[in-house]
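Residue numbers (this note's numbering), protein chains in the order written: chain F, 2 to 437; chain C, 2 to 437; chain X, 2 to 437.
I should point out that these hints are in silico values taken from the structure, not numbers from a laboratory.
Fair warning: there could be bad hints in the mix.
Given that identical chains are not distinguished, each listed pair holds provided it fits within a single copy or across any two copies.
[To be verified] Here are the simulated DSS-like cross-link-like pairs (lysine-lysine), alpha carbons at most 30 Å apart as the crow flies:
hint, residue 1, residue 2
1, 272, 12
2, 393, 115
3, 393, 272
4, 38, 272
5, 361, 115
6, 393, 12
7, 117, 38
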Amino acid sequence: MPAYATNMRLKFPILALILEIITIILFAMFVVYEDGKPAHHATLDNSTHEELLPMNLYPMFQDVHVMIFIGFGFLMTFLKRYGFSSVGVNLLLAAFGLQWGLLMQGFWHMDNGKIKVSVEKMINADFSTATVLISFGAVLGKTSPVQLLIMTILEITIFSINEHIVVQILGANDVGASMIIHAFGAYFGLAVARMLYRPALRNGHENDGSVYHSDLFAMIGTVYLWMFWPSFNSAIAEPGLTQLKAVVNTYFSLAACVLSAYAISSLVEHKGKLDMVHIQNATLAGGVAVGTCADMDIEPFGAMLIGLLAGIISTVGFKYLTPILASNLGIQDTCGVHNLHGMPGILGGLAGIVAVALGKKEGGTATMQAAALASSLGFALVGGAITGLIMKLPFWGQPPDQNCFDDSIYWEVPEEEDENEESLAHGDHSKNKAEV
Amino acid sequence: MPAYATNMRLKFPILALILEIITIILFAMFVVYEDGKPAHHATLDNSTHEELLPMNLYPMFQDVHVMIFIGFGFLMTFLKRYGFSSVGVNLLLAAFGLQWGLLMQGFWHMDNGKIKVSVEKMINADFSTATVLISFGAVLGKTSPVQLLIMTILEITIFSINEHIVVQILGANDVGASMIIHAFGAYFGLAVARMLYRPALRNGHENDGSVYHSDLFAMIGTVYLWMFWPSFNSAIAEPGLTQLKAVVNTYFSLAACVLSAYAISSLVEHKGKLDMVHIQNATLAGGVAVGTCADMDIEPFGAMLIGLLAGIISTVGFKYLTPILASNLGIQDTCGVHNLHGMPGILGGLAGIVAVALGKKEGGTATMQAAALASSLGFALVGGAITGLIMKLPFWGQPPDQNCFDDSIYWEVPEEEDENEESLAHGDHSKNKAEV
Amino acid sequence: MPAYATNMRLKFPILALILEIITIILFAMFVVYEDGKPAHHATLDNSTHEELLPMNLYPMFQDVHVMIFIGFGFLMTFLKRYGFSSVGVNLLLAAFGLQWGLLMQGFWHMDNGKIKVSVEKMINADFSTATVLISFGAVLGKTSPVQLLIMTILEITIFSINEHIVVQILGANDVGASMIIHAFGAYFGLAVARMLYRPALRNGHENDGSVYHSDLFAMIGTVYLWMFWPSFNSAIAEPGLTQLKAVVNTYFSLAACVLSAYAISSLVEHKGKLDMVHIQNATLAGGVAVGTCADMDIEPFGAMLIGLLAGIISTVGFKYLTPILASNLGIQDTCGVHNLHGMPGILGGLAGIVAVALGKKEGGTATMQAAALASSLGFALVGGAITGLIMKLPFWGQPPDQNCFDDSIYWEVPEEEDENEESLAHGDHSKNKAEV
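Can you make the complete structure from the sequences, with help from the hints?
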């Protein structure tokens, strides 16, 4: 029995149960319900919130929740034989990550030694898992569930430190988290991917691609992310007109981004055709890039310019940059998170510097915005590299090259009807079935 | 022409139209709009609600609505050739059931001889259909639409009686309906399944299984149920901090449940692999099990312990108990509702007894909680057995054994592209196409 | 290289980018954030709204947003080889259309020379795209992205003129837009389809049909439209009890419609089977038909009667009328929008005339309601015919007959696994792969 099989059999369930039990103990010690009594509670956003009814943000929370579990989960189902892992492991990591994130973020903002769970804290807990899910995209198909649980713990812990520095210490603006979630998650994941470089996959892998219906499943993820991104960027904005502004900016940035992503996809592809990879991803870059500025007075047309540019950068990145990263830098970025979250996240950070410099937001300085971007990238690259080294340790059950991008190494996969019927006639599916 | 074909041709449309016309007549007699004037209106929850704006609960309603129509509907699409029936008949039963449920529940709470429709009544109407959809899971693939419409009428009527006894007479707590919806729906369905036992399917059926993409469709259902379960458990809770508590408890119970479901699935499966059946279902058991206690002061860690336990029980049930029920008791539970709704529902009821005994909720006594659980199980088993006997009558067009789990008996099913192309070469698909 | 390939290569990206840049310039000149200061702002609904918190309608907006992007997009994925275009071009047209719609609608209601973007304006912008997406259904599979962008500009412009006439000048009621969106969009699209008549497709096309899983993807669209239609019909109703009334009427109309659609489908089909085309579409006709009356005192049973009738008309239309339109009138209506939006939209308009005549709504007269219906149909037919003629111009890259209903003309389509494996044995897929 190969090592990675043994690993799943024993290491995965033991690790999962131990982590959950530790988490429950920490919850028993530290976590209580929100009681509605005023207290200093800070958030990703550094604005002072007026007193709110406890359930006011709940619809926003549910939109974010859908993005995390349906959006990220299905976006990654584009691979032909990795859909179970995409949506299933996404669920696993996010379910654990939100518990861990609530603790890690909560420890910075205790109230009489307790973390009081409000809807806003649940939104922030969901947000913290987004970093992991972005990084997951970079290493999709090449990592075991055990490795990914390790990454979840480390990444969310490091994220919470950087978030605290950016928001509380630097006092920077990042309401839609272009820097502290998107750029952070992307470069963290890319650093991990670099550490886990697989020379044998230099020329691709037969399962590293889509089939017709897997691309349609992925569009479920894309469209949900696209629709609810205004909620992501505005959920923790100051209530009222500022929150509306964050919604409006994101709505129009995304709309403009669709046009540029489609135009550039057609322009760079063979015979002017559209490429599903671009449509699934680059149409979302406008949501990422407008994040930092979402609650600033950039006006709708300013948001649209950011979206237009993000769609162009992202599509060009998929076409020309991703192959270079893989061949020259040894960074095999399965989902192209560099193009969807990395570069648009940096664009968002830069736009934020400019917007603050131009006085589009009260509070914060351009210097602090720049420091926030640098901090996010620094923590991501260093944290990701260290995490990648830890994940490379030989006992986490990393899948062998030939089993990458294949659910059947970690899942019971049903045999296809046609396969059954054809198996008598010709046996060329047998290598797929004999996995593990 | 076989009997079940004749049945669909005449009996189904006639029954559907007659039921709808009777329903419209009853609506004309009894149902009016909510007018905002105060009146005694009781709900699943026995707490007194403060006066609300009429649309306040609407986002919660829509979350529940998505659970009923997308969640339950797609969860059952896991079968390889039964997706049309799963999502289509789910829509049919729920669309009829919500009308019938509004009447059956409303008759207990008339206001000047009228049922006034509010958003809360719509939530409760949707809830009442959930019992039917749970039972549908137990008999999925083995019943005709006509049989299922009969089941819908009877089950919702019996549900409404038990609900009235539990909430109004016993004064028991069951805000998330672990007992009156989940345990009730599961054991009702199991009793029906027992009555409809098919010895010929003892050794399985070739269509009683999934294919790769049908499992992904099912995950759409799973994830939507998982995400919106906090709304299910809190929709009719007392507004404000109590409702927040129900959200928080469910959120964390579900998160903990994911970890234990994954861990146990890997532990009990061949070579440590994960089983999609477990992931699709057992990850939701935490939502079921925390239902009764959702609005009680069990603290987040208490909710997590319930979720952890529910995930374990549910996964173990799928692995070991379902086969025993089928082989020893003659209960062929297609979707394993005993594991997702039955045992976790009882766990929820028991947790409620303990929590009330420990003083975690004002109002109610442990004895009344226990009586509520017993009442729900009693009505379910007796009501389900009688309903099953009625459904067994020979003129409802029950499908023959060989046509079970196959859409083509009730639906025009498109011929697959490959089939067309291959049909010249070899004719072994012909039996599928010649159905009915 | 054929003309339509050249077209995509150059014309599509240039057109898309130019349109977006023009739109951004117009936004820079005219569009600002809502500032909360009172101003005259009119809507599809002519009622006077009380002052609202700026984000109150946001959950309603998101429901409508899901209908536009998931609902319409996935509803059209039923075609076996046209899913990328269905959901992808739907995203493109709606993303551009919402920007254009905001301008076209906003120009009628400027405030100091500016269009102030509120959530209500975003809902109306989304609404305006619905007309295009309905018309898209009539010409699905037979038009190029360039043609469809042209249609988007023209149709939304004409829609905005008719909307202004109906709501502001005639003072007619159409809260759920049976007339100004559904009937308008359908007959506009049918007029376009007539202009683009393809005699060579008289006997069908091998790709103009579904496969099993494409029908399931389409059900995602159906169920989302069905669930959120109460939001569509009530989003811009007067807040409070009137909005609740619109929700309740739509909820029950849709429920009744499901029963009649299923019944009639079974009644008219071979051996009493259900037809997925009917279920995917006719179950929604109740939402269309109750639109105009949604906020009127028609009582729940009145709404149900409208829904019941709409389900019958729609199903019968699919079965008997669509073939006649195609063979006798040269109108090839791919998705059957005449049955889902056309006839039910007219039914809605007629029901509105009757309801206003019966005094079920304060404000408006039956004459004005009739004039509104006539205006909507007139603008649709004339506008659609002119638009169709423009779309027929030879330089928009309309696809040749044999490439209709096939994504591979505009998209990079992954080669299927089976195809690869079987290609050695027999080469009969080669014609599909060599497209364009």
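Comparing the hints with the structure gives:
no., hint, verdict
1, 272 to 12, "between (50 Å within a copy, 12 Å between copies)"
2, 393 to 115, "neither (36 Å within a copy, 58 Å between copies)"
3, 393 to 272, "between (42 Å within a copy, 22 Å between copies)"
4, 38 to 272, "neither (63 Å within a copy, 51 Å between copies)"
5, 361 to 115, "between (36 Å within a copy, 20 Å between copies)"
6, 393 to 12, "within (16 Å within a copy, 49 Å between copies)"
7, 117 to 38, "within (10 Å within a copy, 36 Å between copies)"
Of the numbered hints given earlier, the model fails hints 2, 4; all others are met.
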